[in-house]
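K.L.:
Based on the sequences and whatever the hints tell you, model everything.
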Amino acid sequence: MLKHFTHLKDFTIDELNRIIDSASDLKKSTHAVLPLAGKSLAFCFMNPSLRTQVSFSVATNALGGHPLILNLGSGGTWGMESVEGAVMDGTAAEHLKEAVPVLGRMCQGLGLRSFPTGKSWAEDRNEPALAAFIKYSTVPVINMESASGHPCQALADLMTIRERMPPKGKNFLLSWAPHIKALPMAVPNSSVEIASMAGMNVTIARPEGYDLDPEVMARVKKNCAMNGSTLRVTDKVPQAFDGQHVVYGKSWGSIANYGQAPSSDPAFRKKWTISAAKMKRADKAIFMHCLPVRRNLVVDDAVLDGPWSVVVDEAENRLHTAKAVLMYLLASQPKRMTAAARRHRK
Amino acid sequence: MLKHFTHLKDFTIDELNRIIDSASDLKKSTHAVLPLAGKSLAFCFMNPSLRTQVSFSVATNALGGHPLILNLGSGGTWGMESVEGAVMDGTAAEHLKEAVPVLGRMCQGLGLRSFPTGKSWAEDRNEPALAAFIKYSTVPVINMESASGHPCQALADLMTIRERMPPKGKNFLLSWAPHIKALPMAVPNSSVEIASMAGMNVTIARPEGYDLDPEVMARVKKNCAMNGSTLRVTDKVPQAFDGQHVVYGKSWGSIANYGQAPSSDPAFRKKWTISAAKMKRADKAIFMHCLPVRRNLVVDDAVLDGPWSVVVDEAENRLHTAKAVLMYLLASQPKRMTAAARRHRK
Amino acid sequence: MLKHFTHLKDFTIDELNRIIDSASDLKKSTHAVLPLAGKSLAFCFMNPSLRTQVSFSVATNALGGHPLILNLGSGGTWGMESVEGAVMDGTAAEHLKEAVPVLGRMCQGLGLRSFPTGKSWAEDRNEPALAAFIKYSTVPVINMESASGHPCQALADLMTIRERMPPKGKNFLLSWAPHIKALPMAVPNSSVEIASMAGMNVTIARPEGYDLDPEVMARVKKNCAMNGSTLRVTDKVPQAFDGQHVVYGKSWGSIANYGQAPSSDPAFRKKWTISAAKMKRADKAIFMHCLPVRRNLVVDDAVLDGPWSVVVDEAENRLHTAKAVLMYLLASQPKRMTAAARRHRK
Numbered sequence: 066m067l068k069h070f071t072h073l074k075d076f077t078i079d080e081l082n083r084i085i086d087s088a089s090d091l092k093k094s095t096h097a098v099l100p101l102a103g104k105s106l107a108f109c110f111m112n113p114s115l116r117t118q119v120s121f122s123v124a125t126n127a128l129g130g131h132p133l134i135l136n137l138g139s140g141g142t143w144g145m146e147s148v149e150g151a152v153m154d155g156t157a158a159e160h161l162k163e164a165v166p167v168l169g170r171m172c173q174g175l176g177l178r179s180f181p182t183g184k185s186w187a188e189d190r191n192e193p194a195l196a197a198f199i200k201y202s203t204v205p206v207i208n209m210e211s212a213s214g215h216p217c218q219a220l221a222d223l224m225t226i227r228e229r230m231p232p233k234g235k236n237f238l239l240s241w242a243p244h245i246k247a248l249p250m251a252v253p254n255s256s257v258e259i260a261s262m263a264g265m266n267v268t269i270a271r272p273e274g275y276d277l278d279p280e281v282m283a284r285v286k287k288n289c290a291m292n293g294s295t296l297r298v299t300d301k302v303p304q305a306f307d308g309q310h311v312v313y314g315k316s317w318g319s320i321a322n323y324g325q326a327p328s329s330d331p332a333f334r335k336k337w338t339i340s341a342a343k344m345k346r347a348d349k350a351i352f353m354h355c356l357p358v359r360r361n362l363v364v365d366d367a368v369l370d371g372p373w374s375v376v377v378d379e380a381e382n383r384l385h386t387a388k389a390v391l392m393y394l395l396a397s398q399p400k401r402m403t404a405a406a407r408r409h410r411k
Numbered sequence: 066m067l068k069h070f071t072h073l074k075d076f077t078i079d080e081l082n083r084i085i086d087s088a089s090d091l092k093k094s095t096h097a098v099l100p101l102a103g104k105s106l107a108f109c110f111m112n113p114s115l116r117t118q119v120s121f122s123v124a125t126n127a128l129g130g131h132p133l134i135l136n137l138g139s140g141g142t143w144g145m146e147s148v149e150g151a152v153m154d155g156t157a158a159e160h161l162k163e164a165v166p167v168l169g170r171m172c173q174g175l176g177l178r179s180f181p182t183g184k185s186w187a188e189d190r191n192e193p194a195l196a197a198f199i200k201y202s203t204v205p206v207i208n209m210e211s212a213s214g215h216p217c218q219a220l221a222d223l224m225t226i227r228e229r230m231p232p233k234g235k236n237f238l239l240s241w242a243p244h245i246k247a248l249p250m251a252v253p254n255s256s257v258e259i260a261s262m263a264g265m266n267v268t269i270a271r272p273e274g275y276d277l278d279p280e281v282m283a284r285v286k287k288n289c290a291m292n293g294s295t296l297r298v299t300d301k302v303p304q305a306f307d308g309q310h311v312v313y314g315k316s317w318g319s320i321a322n323y324g325q326a327p328s329s330d331p332a333f334r335k336k337w338t339i340s341a342a343k344m345k346r347a348d349k350a351i352f353m354h355c356l357p358v359r360r361n362l363v364v365d366d367a368v369l370d371g372p373w374s375v376v377v378d379e380a381e382n383r384l385h386t387a388k389a390v391l392m393y394l395l396a397s398q399p400k401r402m403t404a405a406a407r408r409h410r411k
Numbered sequence: 066m067l068k069h070f071t072h073l074k075d076f077t078i079d080e081l082n083r084i085i086d087s088a089s090d091l092k093k094s095t096h097a098v099l100p101l102a103g104k105s106l107a108f109c110f111m112n113p114s115l116r117t118q119v120s121f122s123v124a125t126n127a128l129g130g131h132p133l134i135l136n137l138g139s140g141g142t143w144g145m146e147s148v149e150g151a152v153m154d155g156t157a158a159e160h161l162k163e164a165v166p167v168l169g170r171m172c173q174g175l176g177l178r179s180f181p182t183g184k185s186w187a188e189d190r191n192e193p194a195l196a197a198f199i200k201y202s203t204v205p206v207i208n209m210e211s212a213s214g215h216p217c218q219a220l221a222d223l224m225t226i227r228e229r230m231p232p233k234g235k236n237f238l239l240s241w242a243p244h245i246k247a248l249p250m251a252v253p254n255s256s257v258e259i260a261s262m263a264g265m266n267v268t269i270a271r272p273e274g275y276d277l278d279p280e281v282m283a284r285v286k287k288n289c290a291m292n293g294s295t296l297r298v299t300d301k302v303p304q305a306f307d308g309q310h311v312v313y314g315k316s317w318g319s320i321a322n323y324g325q326a327p328s329s330d331p332a333f334r335k336k337w338t339i340s341a342a343k344m345k346r347a348d349k350a351i352f353m354h355c356l357p358v359r360r361n362l363v364v365d366d367a368v369l370d371g372p373w374s375v376v377v378d379e380a381e382n383r384l385h386t387a388k389a390v391l392m393y394l395l396a397s398q399p400k401r402m403t404a405a406a407r408r409h410r411k
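Protein chains in written order, with the working numbering: chain A, 66 to 411; chain B, 66 to 411; chain C, 66 to 411.
Hints are supplied without guarantee of correctness; some may be wrong.
Note that identical chains are pooled: a pair holds if it fits in a single copy or bridges any two copies.
[Unchecked claim] Here are the simulated EDC-like cross-link-like pairs (lysine to aspartate or glutamate), alpha carbons at most 16 Å apart as the crow flies:
1) LYS200 - ASP370
2) LYS92 - GLU228
3) LYS246 - ASP154
4) LYS246 - ASP330
5) LYS335 - ASP154
It should be emphasised that the hints constitute simulated quantities derived from the structure, not laboratory data.
P.N.:
Here's what the structure looks like:
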């Protein structure tokens, strides 16, 4: 059966931990394995990227495969339509109904980064581009960040935590942070979802009006109940930092005021920027962030440059988990059908 | 002698069929051959691309070579001058007289996509950028779509037809289609040229004022005469669909009103959009299109999603024919002269 | 110790000549050596490029490595901050303090092209982006053109001269040329610096107000004194061409009127454009230029297309010297520390 890696909710924590085990092995490995030899992978970006682009490119090459970076809608390729039945007299020159199967004829795996538009959460949460990739693809699809989640980041996050502590029973704080834009909710969603799957006690500190999506929160609540761990949502900072083992800093936009930048009021910013004083209240916590991070707005230099920060190790683990995801999806895939076999099947 | 693959008219149908035979072999092949090992190829795009970019990139890598995608004039590289004797005080920062030989010193083959400007057909038909590549290059040049033709697409088209029927004596319809822009004539030119070379009866259905270039039509006429096949140009749709075996849908701009978008009048669009009703008049025809295609403007969903459509198979054949073109141009090339030999020659 | 290749002043002429010796060997070599197997290199461009991009990409691949081209600030990646302590509420979404170490965890070498902003020479000469790469990188850094220099170009330049004459005691003219923009001074700086290091007599012909940076000129003066060669700065053209063996044409911006385009007065342009008449005054000189070059503004067709021009050979040597720089930096590097060793070290 065709495997994808697109949403955490499709996996058990045991399955995710097995992928991370494989990433840990690959991290230590000095042996060259080339399970992707002869395979090409198209990593499609509708939004900018640094770590995701580099990690999947390097990971694919390290496993013997051929990575292609395609900037859809810019950088030499046109915009894509995803709505079924659309009359295509607008800006999009091609429908994903053609583009995705065509890429699947030329490549053995596809990745997609597609951010929300920031206009309507009701529409964005449907993830039309990712849904189209999953629907139309004949080869495995990797979600390289969608409106609802960033499962590749979550794998690297849990790997980074596992390298420092057994996550079960430890305290995980997701702390909202100021920004000049209404950022996507993918990373905060996935970070609390995987933390709750791993049996951590979860605290979310955020201003009123910045609650995460109810669907995600329902899964987090269920995970915590199943694991006997606690779940708390609060706007009390710095108190929320007390006793935490992992502090995950992240800015995201409000669903209530969808697409609007957070307040730039200096007092509000000061209250929510992650500072050394806050980190000192935690229990020798590590500080995590998915990067890119705006210094002295999201988090102070003193935190990023201090003993708490594991953000560069966390970023490095994007490479190892990217390899593990590629191995999971492609190393044991049955051989691609020949064109003759395909025609025969029809 | 230096070989290029730039215009259909430089080849006989036997030569083209031998390239397609090689593509068919490569399509079935499970053996890795690496005739391009140690070779780098620069694929230069002055216009956007999806299939062409991915197919040449994957094909080059699959044959052991190293593909470079260069977006000339955007994406990190400046615009190029092609006019001899130009005083370069405008926007172009480099002349192809330098850029092409330099690329030829670093790479073993070059590809160029260069669309018409849409300002003057008299100038566009001279294909100044492609002509400069051919003139200045010391390594094989591949035309990845110019003003006058898209021979790589034509190879994939004929391969797709050959996989379904022996083309000789069969009926081929090129049917014009609505669009929001005045699109290039490269694909319609090449599609009817190769169909006529392959001995098919050719019908071109287009509105008044949308005739193809007289030079191309003269060759098509000659091919049909030589093959004893018929050639018909008509504005009668849906009647033109009657009895066709291959329907090739495509929009293109008018030479008479050069660069102007076609009428957006709903009745005109309805008349020319390719519909299931039209396809039903044909003789169990296959529906072809080079992609990207604007659904429900150029062609209805019912056609693309119906039993007629072979557009994804046709796109896949871009990969196999790309490999065959690379093999044709480079697998038997003499070794590149050493710098010492080059200096000696001077 | 970590090696970089960022500024000519960090090297002796013997060290540079050894790198060029290695480039000459690689140019003649028909043997495949793959010292970069398993290594990925990220070439980061904040400005456009053709030769640099292609030469490092081809060189890396030819040595068995995996080149990544990253267009920072465009083409899919956001802008980067380099100022320590910055409050990042502007356009830059990431600090090089994170981006560079992260790239160093995923790649085994980094390149950076970062032009001056053209607003303040006092700020530009500090090369904030390159300085940040050097400061934060844990892997070798290559300067692919900064505000102050273009050492990779200088290597190819000296290699090209050495292929035609022993440089010591020969006459080298850097001749300023007209342009529509105030171009960076990197290439003229590096060209006279390496010529003076190689023991050539240096003449700089430029209009009043177009002197090179005093720091560079101090080193050039010292080199000439050490080598017993002459150094002359003049605005007398065409006289400056008399008796020259190497003419290096190049436009650059004025420090005095920083960022302002040179005069477009036809008489001024005519005086400074490099012409066949001027070349005929030289002593069978070769004509060099780093490319891209604006024909008939910087230099006349008659020079570029005449017997003097070695610009394409010079560009080809960018490939061979790129290989030699990669070998110098990476072929003998100690193995990258494992993550475990890194953590142990902390």
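K.L.:
Are the hints correct? Go through all of them and say.
P.N.:
Verification of the hints:
1. Within a single copy, LYS200 and ASP370 get their C-alpha atoms only as close as 44 Å, which misses the 16 Å cut-off; across copies the closest is 14 Å, which meets it.
2. Only within a single protomer do LYS92 and GLU228 lie at most 16 Å apart by alpha-carbon distance; the minimum there is 12 Å, versus 46 Å between protomers.
3. For a Cα distance limit of 16 Å, the shortest separation of LYS246 from ASP154 across copies, 10 Å, qualifies, whereas the shortest one inside one copy, 31 Å, does not.
4. Taking identical chains as interchangeable, the C-alpha atoms of LYS246 and ASP330 lie at most 16 Å apart only when both belong to the same chain, with a minimum of 14 Å there against 42 Å between chains.
5. Within a single copy, LYS335 and ASP154 get their C-alpha atoms only as close as 47 Å, which misses the 16 Å cut-off; across copies the closest is 13 Å, which meets it.
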